[in-house]
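Given the sequences, and given the hints that come with them, work out the whole structure.
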Amino acid sequence: MIPHTPEPWKWHPQGEANEYCMLTHDGRWVIAFRQNGELTDESQKANARRIAVCVNACKGIPNDQLEMDSAAFIDVFNEYNALKRQKRALLAALRLIETGKDGDGFICREAMEQVREAIAQADGTSPRSDRASRRGG
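Just so we're aligned: the sequence shown equals residues 141 to 277 in the numbering used here.
Just so you know, the hints here were simulated from the structure itself, not pulled from any lab data.
The C-beta atom is built at its ideal place from N, Cα and C for all residues, glycine as well.
Among the hints, erroneous ones may be present.
Quick list of simulated restraints, FRET-style, between CB atoms [unchecked claim]:
hint: 1; residue 1: E257; residue 2: Y220; range: 48 to 58 angstroms
hint: 2; residue 1: N187; residue 2: T164; range: 17 to 27 angstroms
hint: 3; residue 1: N218; residue 2: P146; range: 25 to 35 angstroms
hint: 4; residue 1: D215; residue 2: G155; range: 38 to 48 angstroms
hint: 5; residue 1: P146; residue 2: L223; range: 21 to 31 angstroms
This is the structure we're talking about:
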């Protein structure tokens with residue numbers, strides 16, 4: 141199978157009414173196209189931008205997989221966003237515990253070490269977080 145033009149793509153108006161193109165990161169043409177003249181200029185630009193955003197969002201995903209089951213990718217995307225929200229909430233809670241620990245004897249040293257390590261892993265600053273990402277965890 142012949143590969144498509146690598147990402148990232150960006151959209152660019154051609155200067156003529158209704159005409160746009162997609163460019164590579166170094167300014168080479170990928171596609172030139174003309175949109176329906178009945179659409180407003182803002183709608184045409186939004187459509188061109190959407191094409192580029194979608195291509196870039198699918199970087200690394202083979203076309204065959206996208207064509208097979210786009211609904212599965214939507215589910216994965218939604219789950220990913222939910223996990224990001226959970227991560228932010230957990231980090232905020234851990235940071236609250238970590239910053240409120242001084243002067244409070246109820247949190248033991250070992251627990252604080254675990255809290256700091258969890259924060260470092262979630263932030264990507266822990267050596268363990270690098271190993272975990274390579275294992276898929």
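Verification of the supplied hints:
1. E257 - Y220: 48 to 58 angstroms: Since E257 and Y220 have Cβ atoms about 24 angstroms apart, the given range 48 to 58 angstroms is violated.
2. N187 - T164: 17 to 27 angstroms: Given range 17 to 27 angstroms: holds, Cβ gap about 20 angstroms.
3. N218 - P146: 25 to 35 angstroms: Given about 27 angstroms between the Cβ atoms, the range holds.
4. D215 - G155: 38 to 48 angstroms: Once the Cβ atoms are compared, 41 angstroms apart, the range 38 to 48 angstroms for G155 and D215 holds.
5. P146 - L223: 21 to 31 angstroms: Since P146 and L223 have Cβ atoms about 28 angstroms apart, the given range 21 to 31 angstroms holds.
Consistency note: the structure conflicts with earlier hint 1 alone.
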